[in-house]
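Number of protein chains: 2
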Amino acid sequence: MKSTYSFEEGDGGNRKLLGGKGAGLCEMTRLELPVPPGFTITTDVCTDYYRSGRTLPDGLMAEIKSQISKMEEKTGKQWGSKDNPLLVSVRSGAAISMPGMMDTILNLGLNDETVEGLAGKSGNLRFAWDSYRRFVQLFGKVVFGIDDSLFDNVLKAKKKEIGAENDSDLDADSLVDITRKFQTICQERRGSGFPSDPTEQLELAIRAVFDSWMGERAVVYRTKNKITRDVASGTGVNVVAMVFGNMGDDCATGVVFTRNPGDGSRQIYGEYLQNAQGEDVVAGVRTGKQVHLMREEMPDSYRELASTCEKLENHFREPQDIEFTIEQGRFYLLQTRSAKMNAAGMIKTSIDMVSEGMIDKDRALARLQAEQLEQLLHDTLDPDKSSGHKRLAEGIAASPGAASGMAVFDVKRATESGRSGNSVILVREETKPEDVPAFFESAGILTSRGGKTSHAAVVARGMGKPCIVGCAGLKIDYASSRCITADGSTIKEGDVITIDGSSGKVYAGSIPTIRPQITSDFKRILEWADEAKRLGVRANADTPESAALARQYGAEGIGLCRTERMFNGSDRIGLFVRMIMAQDSEERKGLLEELGRLQEDDFVKIFEAMKGYKVTIRLLDPPLHEFLPNPEEQAARVRSLEDRPSDGSPAASERELAEARTVLARARELVEVNPMMGHRGVRVGITYPDIYRMQIRAVFEALATLHKRNVEVYPQIMIPQVSSIDELDHIKRIFDEVREEMEEKHEKNLRVNFGTMIEVVRAALTADELARTAEFFSYGTNDLTQGTFSFSREDVEEKFIPEYMAKGLLERNPFQSIDRTGVGRLIRLCMGLGLKRRAELEVGICGEHGGDPNSIVFCHGEGLDYVSASPHRIPIAIVAAAQAAIMDKSKDGER
Amino acid sequence: MKSTYSFEEGDGGNRKLLGGKGAGLCEMTRLELPVPPGFTITTDVCTDYYRSGRTLPDGLMAEIKSQISKMEEKTGKQWGSKDNPLLVSVRSGAAISMPGMMDTILNLGLNDETVEGLAGKSGNLRFAWDSYRRFVQLFGKVVFGIDDSLFDNVLKAKKKEIGAENDSDLDADSLVDITRKFQTICQERRGSGFPSDPTEQLELAIRAVFDSWMGERAVVYRTKNKITRDVASGTGVNVVAMVFGNMGDDCATGVVFTRNPGDGSRQIYGEYLQNAQGEDVVAGVRTGKQVHLMREEMPDSYRELASTCEKLENHFREPQDIEFTIEQGRFYLLQTRSAKMNAAGMIKTSIDMVSEGMIDKDRALARLQAEQLEQLLHDTLDPDKSSGHKRLAEGIAASPGAASGMAVFDVKRATESGRSGNSVILVREETKPEDVPAFFESAGILTSRGGKTSHAAVVARGMGKPCIVGCAGLKIDYASSRCITADGSTIKEGDVITIDGSSGKVYAGSIPTIRPQITSDFKRILEWADEAKRLGVRANADTPESAALARQYGAEGIGLCRTERMFNGSDRIGLFVRMIMAQDSEERKGLLEELGRLQEDDFVKIFEAMKGYKVTIRLLDPPLHEFLPNPEEQAARVRSLEDRPSDGSPAASERELAEARTVLARARELVEVNPMMGHRGVRVGITYPDIYRMQIRAVFEALATLHKRNVEVYPQIMIPQVSSIDELDHIKRIFDEVREEMEEKHEKNLRVNFGTMIEVVRAALTADELARTAEFFSYGTNDLTQGTFSFSREDVEEKFIPEYMAKGLLERNPFQSIDRTGVGRLIRLCMGLGLKRRAELEVGICGEHGGDPNSIVFCHGEGLDYVSASPHRIPIAIVAAAQAAIMDKSKDGER
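Order-wise, the sequence lines are chains A and B. Per my numbering, the first sequence runs over residues 1 to 895. Per my numbering, the second sequence runs over residues 1 to 895.
Since the hints were made in silico from the structure, they are not lab data. Wrong hints could be hidden among the right ones.
To be verified - The calculated lysine-lysine pairs, modelled on BS3-like cross-linking and capped at a C-alpha distance of 30 Å, are: (1) A:Lys475 with A:Lys432; (2) B:Lys226 with A:Lys589; (3) B:Lys708 with B:Lys589; (4) B:Lys836 with B:Lys799; (5) B:Lys708 with A:Lys799; (6) B:Lys121 with B:Lys16; (7) B:Lys732 with A:Lys226; (8) B:Lys732 with A:Lys807; (9) A:Lys475 with A:Lys159; (10) A:Lys159 with A:Lys181; (11) B:Lys799 with A:Lys589; (12) A:Lys807 with B:Lys589; (13) B:Lys799 with A:Lys732.
Sequences are here, hints too, so could you generate the full structure?
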């Protein structure tokens, strides 16, 4: 088995074997673009490395030696030579891009001898030692795991000693001294000398890259981004001949997008730095110049860059994200990959590329990340309510959307505070890959340094979090946990600020936000998706308002209307509790009638909002004790009433106390050990049939009302928590009685479908029986997942699911993305049984998975009729449904 | 479709269509035994009756008319005739015998005219009116649902009026008067006159019998006895020409068994009464005479009875329970059915009938009710400890076994007290079918009247509850809730007494009991069963003692050893809690080592008790919070420590308080919303790997110890609560590490199998994956049932499962008998997946279902290798396993 491929040999289409970066380098080489020579170690080697307990396969180093020889030939330089040394960079690259998550080492091959060669060849002693210094620092950090601050302290001390302000003010002698000190640090850590043999350096570097694949950062990133073993099983390693952007002013390095990733407009977009190495741009250490300035400063290179961009786009039919270096006027490409953009950018480029004839509509849809589209439905600042708020600062608008929260200056504190439910704005000078966990927990990110391609900007955009970078007006003092704005105001940790990632502005206090309208581009995409998809998309909506919003976003009906939410209004909960507490059936009946009228009114409004569509109404689901105070709280209330000093109205307080005691007794009576698996759903309907009767009657009454107004609507009644046909039939009899009563009363046929949730495992297992009575099924995959795993979501999701994912025991959180192996097998079984019994059975899903793109692909594949998702997930669901259909088509094509 | 069959027409083998009683009557008629003419209305008519909303099918009454005509021909009597009237009894009879659970009406056809005919024909006016009076009373009770006490009051008043002591002292005139008053009671209830038309009477009676099928008594009986719709879907109705045992001293009625149901010995056993109707014997109103006395009193009839008994036994190859009536010297058979016996009787008759050559071993095994065998393992009084206890009374030993409990004289109070966990002895003059619910809740039953075939005796024997009847020395006063014994002692309600159903003796106070030894008959049966069965039978045993007991009962290994129970000893729980509370891993390690040594010692003893067999050890299963006090209790403890007045040792109490607070904090941290689906089983093993490591090590150490002693044993380690292969593999790695460590230490190969519980739905669904690593599966059907139904056993079993069963929404409690439709389908799926992956996979069951005969049949059918049950269920499991194999064989024979 071949372990390495030179860039000429590698198949640029095989990202799985070569990793994204390696495949890109091979493909560019094949296109005869100016790529430095080099080779890729395959991802299979990484997999082997882990399988064999972190050992490199036999023969690998020999193969690498021969690859190095080829590089020597092509570059004319020699490995380890003190005259004209071949130096390399060692870069990770998995099948799925994980920017910044794994490690890179530059200038590898330098030692006390080769540094002389580099100095001689470049004629620049300072450059050579600066490179050596950087190499030792990076190698120490990556290979020996040494904390960067140890190196930084040496650097700072030296600058202070010689009165230098910037790194660039350090002379060659200082750099020699620093390099020696760096090597001593490494030696102390390692227990032996800093490795001087380039091949030993390379082997250690390769191991370090492989190790970084299972580093905490990378594991967290894959987990959060749902990158599973089947799509990326390890990282490749790319060994590339070094080219230098920091050899003088005819040198530069830059990162550009072939189109603007913020809005998708067609312009080369990005930053470059003269006389710098690439990491300076990426890390945001120095703020880069806008790339269009290059046209003046380095016109030849700019022309070469522009034509390269066009060539790459035409080849990949996808905007690219490119890294280049100019060494003494010579242009080199170091990387190309599909550009990550925000949702607006993706949509614009999809539409543009179709207009340009570059791609067709299917490809335009397929390239979108459905999940990302939620960004477009993100909040913006309410302009009417921003006026009173003081503007504290302004930076570069790096990721759109607005957010308010407490300013927190520490990564760990931000993570913890966010996790415990606070809205947090992470405020830092710059961010690093190890800070990513805090991004997930923050509402927004604000940095004082860096540009649009800095780490903070790229990561925040990927996540759809509001982000402002390069906000130079802020002086952050970590020690005192505060920062001073340009005009001298102070932001202390915990002060609430608002950032607008679309304008780059930072405000004091919390500014209300508004939901955005759907743009015409987005509408166009949704129209295309609508044509392409097979699955229906309905909404989970419980109020007339959310029903209207769902329609606006393209929902074709309501797949889940949770009737219990209607009882939670402040005007109703009291009524409902009184019904639970009713002493006799007479009293209960009266209260139920009152509740029925309210519910009927809700139904009328929801039906109107959904006219022409199906509306699935789920009868009461939660256990009754959810509506009562918990026994501990109520006991405390009783105690406080008992202790209350007489206030002149003893009668009133006596009554109050008696009532409180009755509620306490009832709450205690209803308490359950495992409420998830207790007296809920249809079980409550069976014990208290009057509740379901009231709800069913309200649906029919509402339907009759709309009939009178000539509004077409198709209500469906759905029974929750069903585990057997006997339960379903029991309720069906009540349903039939009410229907007859209503049809008689209104002298009209009233058509309401009758169906069941499939959320109890046994329901899925006995679907053939249920389909005798049920006209439709709707998978309640939240509960089905709980039952299948015996996972109580409340108990496990925060507790051991993260632990399981960190330990590799779960690839995905099964509550976010459907578990195909277990729950999926159950659903497949259920589909077969149900459809065999009733061919016209309508089947949908209304668990949260209904809005998850990966789960939607599953639903498409299993032949469901529709998915139902919360309103703000509807556009995502529509696009994901289209992508599923397109995938299917292309598979058919392949056959 | 034919709705009725005369006894000549009916197929005596078709119990399903004709009901047990009807089939018996037809079969006896075919055997030319003296059965009065009559016919059976099929059980299908009953099913129709309910399907059509309680209406009788068209044409039924016409068919009945023609059957009545045939009866007129055979008897020479006329329907509704005032000269020689044909009277009938109307009796229920389902496919499965439900003694006393449904209604019977005698003397139907009587009215003011036919009563004259009966008087004339019998020459006995008093007899005629007594029959009429009885008919009106029974009809009023059964058809119109009138409370018996209304009639009783009239009867009592009349007796007082004329100074009569017994019913038999009432003269004809009094009976006329009583009959009229009874009719008035009926008229008031019905709102119109008492029906005089015999055909109308018959129709009403048939409806009443059908209605009684869904009466509460019958429903409860079916539920408790697990009689499901597939085996008995309705009752038949038998209309039989009346014969009278109460027309004079040449008349009699009796109930006998062809063998003694108490011990199985070969003798006609039972009671008869001269000049009485059958119900007098059954209800225990009058205490019958032992049947052997008949040999002297009515020698001809006795001979006829004896030869009939032999004929029936030879025909049915099963001891029979017979009802007969002698009318003016003529012998009639009114019923035959298989005799219900206690377990000892069944075993003895099985062995005897094989010796007699009447049946083969398979049939001898198949006829046993496996469930019933537990009786034989029931307690008897410890003779050494009975001496000091006063004997209060002595009655007829009606159902063996001994029990102590509070005497309760009221059926309802007994039910409630028993349900709330008290040991109760129900003490009554006699019992009625409506009292059966109290039987279930009582430890034993004691009546002052009735014989061995009285209601109390029959029902108690069926349930295996100790019972004494006919304890004439007791005078019960319901009003004051006490009774006086023959020697003048008083038993007040709530006094503790002990009854010995094997000797008939009643003692004051609570006498310790001892477990019985297995008799040689029982041993023989178990040997036969052992030969016949295919399934292995193992024990759920957690201590050396229960392991030894299980071996004695025939267990072939341990299927489930719950290691957590070993931590619950008073000397260990403290250690375990300290381990949970340990501040650091060092402290935890020390405590685990200590626990490990204790556990190792337990394993050594259990392995020794099971030498030569497999012992399956399940690692820690419950969540850790189960070992801590619950937060509320602990909070109370903290409060009380806080409030404790200083007692001179402030330091000690400070430390105590601090400790209590720490425990409270930990208990709060560990608390879960749904502990059933939370952090337990393998999930605890993953979070605290040192616990599992300790347990695995203890197993290997114990094995090594036994190797040194040359004791063969085959330990297996089983992981609970597994939901995925990743979890199982994670623990397998720990297992392998420990094995290597132990094999090195002991310089020996140590073989321990590694397997998994299948108790999480997802485990069953992904059995193919699990079987990659698991060498065996064991179904934990308790949890699997919970997960499949989303039933939390603690919450639903007492709350709505009874409601569901009463409403017909559940046929069986799925925690007692496996749910074949749902859980069964899952198990079938799992078997297929698991065995496909690993053909030699060993599969068993260790949930409570492993001791349930019905579930054992299922396990046999699904191809499991073994069942595992608690020690006292082992004999039941062995017999049930044999029966399953025999059933299989006979099915093969049929094919």
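Now the hints, each set against the structure:
Taking the CA atoms of lysine 475 (chain A) and lysine 432 (chain A), the gap is near 19 Å; set against the 30 Å cutoff, the hint holds. Proposed proximity of lysine 226 (chain B) and lysine 589 (chain A) is contradicted: the alpha carbons are some 36 Å apart, above 30 Å. Simply put, lysine 708 (chain B) and lysine 589 (chain B) have alpha-carbon atoms about 27 Å apart, close enough for the 30 Å limit, and the pair holds. The suggested pairing of lysine 836 (chain B) with lysine 799 (chain B) is violated, with an alpha-carbon distance near 41 Å, which exceeds 30 Å.
The suggested pairing of lysine 708 (chain B) with lysine 799 (chain A) is violated, with an alpha-carbon distance near 44 Å, which exceeds 30 Å. A distance of roughly 38 Å separates the Cα atoms of lysine 121 (chain B) and lysine 16 (chain B); the hinted pair therefore is violated under the 30 Å criterion. A hinted pair counts as satisfied when its Cα atoms are at most 30 Å apart, and lysine 732 (chain B) with lysine 226 (chain A) qualifies at roughly 26 Å. With a C-alpha separation of about 15 Å, the suggested pair lysine 732 (chain B) and lysine 807 (chain A) falls inside the 30 Å cut-off, and the hint holds.
Between the alpha carbons of lysine 475 (chain A) and lysine 159 (chain A) the distance comes to roughly 21 Å, so the proposed pair stays at or under 30 Å and holds. Restraint check: the Cα-Cα separation between lysine 159 (chain A) and lysine 181 (chain A) comes to about 14 Å, which is no more than 30 Å; the hinted pair holds. With a C-alpha separation of about 23 Å, the suggested pair lysine 799 (chain B) and lysine 589 (chain A) falls inside the 30 Å cut-off, and the hint holds. Restraint check for lysine 807 (chain A) and lysine 589 (chain B): the C-alpha separation of about 22 Å stays at or below 30 Å, so the hint holds.
Annotation: proposed proximity of lysine 799 (chain B) to lysine 732 (chain A) holds, straight-line Cα distance about 23 Å (limit 30 Å).
The structure does not agree with the numbered hints 2, 4, 5, 6 stated previously, though it agrees with the rest.
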